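**Q** As a plain string of letters, each chain reads:
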Amino acid sequence: MDENAPGRTRFKPASLNTAVAVDLSGVHKWYGDFHVLRDINLRVTKGERIVICGPSGSGKSTMIRCINRLEAHQQGRIVVDGVELTDDVKKIDEVRRDVGMVFQHFNLFPHLTVLENLTLAPIWVRKMPKAEADEIAVHYLRRVKIPEQAGKYPGQLSGGQQQRVAIARALCMSPKIMLFDEPTSSLDPEMVKEVLDTMVELANDGMTMLVVTHEMGFARQVANRVVFMDEGQIVEMNAPQEFFANPQHERTKLFLSQILN
Amino acid sequence: MSDTATITDARLSFVRDRPFDPLPPPLVHSGAIGWLLQNLFSSFTNILLTVSCVAMVVWLLPPLIEFLIFDAVWDGSSRADCIVTPQRPAVGACWAFVIERLGFFTYGFYPIEERWRVDVFFVLLAFGIGWMTWLDAPRRGLGMIYFFAVMPVLSFFLLVGLPAIGLQAVSTAQWGGVLVTIVVSAVGIVVSLPLGVLLALGRRSKMPVVRMSSVIFIEVVRGVPLITVLFMASVMLPLFVPESLTPDKLLRALVGVALFAAAYMAEVVRAGLQAIPRGQYEAAMAVGLSYWQAMRLIVLPQALKVTLPNIVNTFIGLFKDTTLVFIVGIFDFLKTIEAARGDVNWATPVTSVTGYAFAAMFYFVFCYAMSRYARYVEHRLRAGDRR
Numbered sequence: 001m002d003e004n005a006p007g008r009t010r011f012k013p014a015s016l017n018t019a020v021a022v023d024l025s026g027v028h029k030w031y032g033d034f035h036v037l038r039d040i041n042l043r044v045t046k047g048e049r050i051v052i053c054g055p056s057g058s059g060k061s062t063m064i065r066c067i068n069r070l071e072a073h074q075q076g077r078i079v080v081d082g083v084e085l086t087d088d089v090k091k092i093d094e095v096r097r098d099v100g101m102v103f104q105h106f107n108l109f110p111h112l113t114v115l116e117n118l119t120l121a122p123i124w125v126r127k128m129p130k131a132e133a134d135e136i137a138v139h140y141l142r143r144v145k146i147p148e149q150a151g152k153y154p155g156q157l158s159g160g161q162q163q164r165v166a167i168a169r170a171l172c173m174s175p176k177i178m179l180f181d182e183p184t185s186s187l188d189p190e191m192v193k194e195v196l197d198t199m200v201e202l203a204n205d206g207m208t209m210l211v212v213t214h215e216m217g218f219a220r221q222v223a224n225r226v227v228f229m230d231e232g233q234i235v236e237m238n239a240p241q242e243f244f245a246n247p248q249h250e251r252t253k254l255f256l257s258q259i260l261n
Numbered sequence: 262m263s264d265t266a267t268i269t270d271a272r273l274s275f276v277r278d279r280p281f282d283p284l285p286p287p288l289v290h291s292g293a294i295g296w297l298l299q300n301l302f303s304s305f306t307n308i309l310l311t312v313s314c315v316a317m318v319v320w321l322l323p324p325l326i327e328f329l330i331f332d333a334v335w336d337g338s339s340r341a342d343c344i345v346t347p348q349r350p351a352v353g354a355c356w357a358f359v360i361e362r363l364g365f366f367t368y369g370f371y372p373i374e375e376r377w378r379v380d381v382f383f384v385l386l387a388f389g390i391g392w393m394t395w396l397d398a399p400r401r402g403l404g405m406i407y408f409f410a411v412m413p414v415l416s417f418f419l420l421v422g423l424p425a426i427g428l429q430a431v432s433t434a435q436w437g438g439v440l441v442t443i444v445v446s447a448v449g450i451v452v453s454l455p456l457g458v459l460l461a462l463g464r465r466s467k468m469p470v471v472r473m474s475s476v477i478f479i480e481v482v483r484g485v486p487l488i489t490v491l492f493m494a495s496v497m498l499p500l501f502v503p504e505s506l507t508p509d510k511l512l513r514a515l516v517g518v519a520l521f522a523a524a525y526m527a528e529v530v531r532a533g534l535q536a537i538p539r540g541q542y543e544a545a546m547a548v549g550l551s552y553w554q555a556m557r558l559i560v561l562p563q564a565l566k567v568t569l570p571n572i573v574n575t576f577i578g579l580f581k582d583t584t585l586v587f588i589v590g591i592f593d594f595l596k597t598i599e600a601a602r603g604d605v606n607w608a609t610p611v612t613s614v615t616g617y618a619f620a621a622m623f624y625f626v627f628c629y630a631m632s633r634y635a636r637y638v639e640h641r642l643r644a645g646d647r648r
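Each protein sequence line maps, in turn, to chains A and B.
The first sequence begins at 1 in our numbering and counts up by one.
The second sequence begins at 262 in our numbering and counts up by one.
Read the hints as simulated data drawn from the structure, not as lab findings.
None of these values were measured; they are calculated from a predicted model.
Note that beta-carbon positions come from the ideal geometry of N, C-alpha and C, so glycine has one too.
Treat the hints with caution; some may be incorrect.
Result set (DSS-like, lysine-lysine): computed pairs, CA atoms no more than 25 Å apart in a straight line [stated by the list, open to error]:
1) A:Lys91 x B:Lys467
2) B:Lys596 x B:Lys510
3) A:Lys46 x A:Lys176
4) B:Lys467 x A:Lys90
5) A:Lys130 x A:Lys193
6) B:Lys510 x A:Lys152
7) A:Lys127 x A:Lys176
Facing chain B, from chain A, some residues (calculated, C-beta under 8 Å) [as the list claims (entries may be wrong)]:
8) Arg38
9) Asn68
10) His111
11) Leu115
12) Ala121
Take these sequences, add in the hints, and give me the full structure.
**A** Here you go:
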């Protein structure tokens with residue numbers, strides 16, 4: 001029942017737009033002559049968890065990077081939490097404050113301690129007093145289960161720990177939406193679980209999440225919808241049970257057969 | 262069981278029944294002899310290098326020490342004390358000359374009764390440098406304000422003069438010696454780093470106007486020799502600007518040196534910026550930092566750390582390049598020595614050599630100090646995040 005809800009939201013009247021977290025409509029993007037995103041339409045409601053998968057080069061990372069304007073789109077509209085993304089720097093900053101992002105390569109700041117990594121944005125962007133920022137940082141470090149690493153530098157942590165710090169860093173800004181760009185792809189196999197567990201907990205708390213990943217177990221467990229992309233297009237989008245049990249397109253079937261075996 | 266044993270015996274007949282003879286003991290690798298063997302006499306090439314280096318030292322060092330110390334003349338008031346006489350068959354460095362002209366080397370033509378002002382300036386500067394370079398110093402934020410705002414203003418009025426409070430005006434034409442060398446290099450260093458950072462960021466900017474202006478500035482300034490820049494500043498500028506508006510000669514040279522150093526610094530900083538992965542900037546953007554915050558808090562601290570050896574290299578080059586200001590008639594430290602060594606009162610065969618030796622030691626002390634300090638900072642920064 002719940003899994004069907006997202007499908008319905010696409011046809012909700014505009015007056016209920018407050019429930020929409022991210023809305024991409026008719027989005028196109030080119031890198032020079034290369035057409036990376038072709039007519040992307042995706043509406044994500046608040047609290048929804050979307051898993052995006054697809055072969056490499058299909059544009060899935062580019063798509064979520066457009067949502068916090070790390071990449072600019074050239075056609076169509078992207079509205080994030082009621083703010084349309086344009087060249088307007090103020091709008092972009094507004095969106096970035098409310099959208100957290102976790103990268104494949106963690107991108108922690110190596111010259112700052114774990115605690116400083118977490119408090120940097122609250123102090124400089126939210127203008128929070130240091131004591132308060134520290135308190136929040138410790139709270140989230142505890143939540144990702146590594147409070148004892150606060151004083152260390154990122155280089156001293158394992159990959160899994162670094163990625164959990166990166167998640168905590170994003171959470172410290174109390175984002176409304178979290179973007180994950182292949183968060184487990186550069187981790188050793190035994191560290192994938194600790195990161196996925198953290199993400200499952202986050203999902204259970206009702207966070208709106210867009211996750212680019214090939215972890216199909218994670219998709220089954222937490223996603224409301226799975227989006228399959230190929231060659232810059234959304235090929236198929238469905239609730240996970242349907243998506244895995246009954247893929248519609250040949251391309252999806254091929255992809256699933258390769259990834260699940 | 263016995264079967265197996267016989268088979269084993271038959272098939273594995275190569276098994277030794279006696280232990281090997283003991284191997285010779287390893288070469289000594291500990292203690293003084295071990296160290297010598299390992300580091301100085303480990304191979305034919307190494308032995309050759311060691312022997313030739315020792316020979317060089319034996320050949321050069323004793324005469325040098327003899328000249329600079331044992332045969333040197335420490336007291337005296339004129340050339341008579343520094344020439345070869347039957348009583349004094351060997352004369353080394355004429356330090357008496359340096360000691361007598363030390364005031365000139367330090368202050369140039371600065372009025373003798375006002376020289377205390379220069380001394381106060383040196384103390385103010387040393388205090389500021391100490392505060393800035395001592396990384397664990399208390400109140401470093403206050404130190405920054407002192408170094409970049411309070412001290413320059415104080416020094417300016419102290420050196421130039423402020424008749425209102427009784428400090429007699431001293432024209433910069435009277436400045437000279439160490440004073441000029443220090444002023445030119447301090448201004449060059451303090452201006453070139455921030456300006457170089459801005460130019461480097463400008464060169465990587467997405468805005469075409471900013472990028473093009475940065476590129477043009479950097480390439481034009483790097484494309485001409487410093488002497489040309491100084492000539493332009495001191496000879497050509499007055500041709501185009503009315504005399505009343507022509508800035509002071511020293512000021513023109515200062516601006517020339519600072520801009521010249523900034524262009525080089527820009528390329529050094531750009532190399533550092535290039536070394537920082539794009540992900541760092543993206544992560545900073547993603548948490549909502551503005552461009553300037555991302556640069557100041559994330560990218561520049563890492564970039565400047567990577568490129569610190571090159572920055573100090575540029576500073577050292579700048580410090581020595583200040584000697585070129587003599588070409589536009591400014592009496593820097595080297596120029597005062599040049600002027601003094603022609604003094605008839607001190608005309609001896611060793612006067613010039615002594616003067617140049619003194620200059621070499623002066624420049625070496627400053628450059629080596631900068632180099633050592635950079636090593637210390639590098640070491641500390643590395644300890645900071647790669648434990």
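**Q** Would you mind marking each hint as holding or not holding in the structure?
**A** Hint-by-hint comparison with the structure:
Between lysine 91 of chain A and lysine 467 of chain B the CA atoms are separated by roughly 19 Å; this keeps the pair inside 25 Å, and the hint holds. As the CA atoms of lysine 596 of chain B and lysine 510 of chain B are separated by approximately 16 Å, the hinted pair is consistent with the 25 Å bound. At most 25 Å may separate the alpha-carbon atoms for a hinted pair to count; lysine 46 of chain A and lysine 176 of chain A meet this at roughly 8 Å. Proposed proximity of lysine 467 of chain B and lysine 90 of chain A is supported: the alpha carbons are some 18 Å apart, at most 25 Å.
Straight-line distance between C-alpha atoms of lysine 130 of chain A and lysine 193 of chain A comes to about 33 Å, which puts the hinted pair past the 25 Å bound. At most 25 Å may separate the alpha-carbon atoms for a hinted pair to count; lysine 510 of chain B and lysine 152 of chain A exceed this at roughly 53 Å. In summary, the hint linking lysine 127 of chain A to lysine 176 of chain A is supported, as the alpha carbons are separated by about 18 Å, within the 25 Å threshold. The restraint placing arginine 38 of chain A at the interface with chain B is violated, with a minimum CB-CB distance near 24 Å, outside the 8 Å limit.
About 6 Å separates the beta-carbon of asparagine 68 of chain A from the nearest beta-carbon of chain B, less than 8 Å, and the hint is met. The closest approach between the C-beta of histidine 111 of chain A and any C-beta of chain B is roughly 5 Å, which is under the 8 Å cut-off, so the hint is satisfied. The criterion of a C-beta within 8 Å of any C-beta in chain B is not met by leucine 115 of chain A, whose closest approach is roughly 14 Å, and the hint is violated. Evaluation of the alanine 121 of chain A hint against chain B yields a held restraint, the C-beta minimum of about 4 Å falling below 8 Å.
In summary, the numbered hints that this structure violates are 5, 6, 8 and 11.
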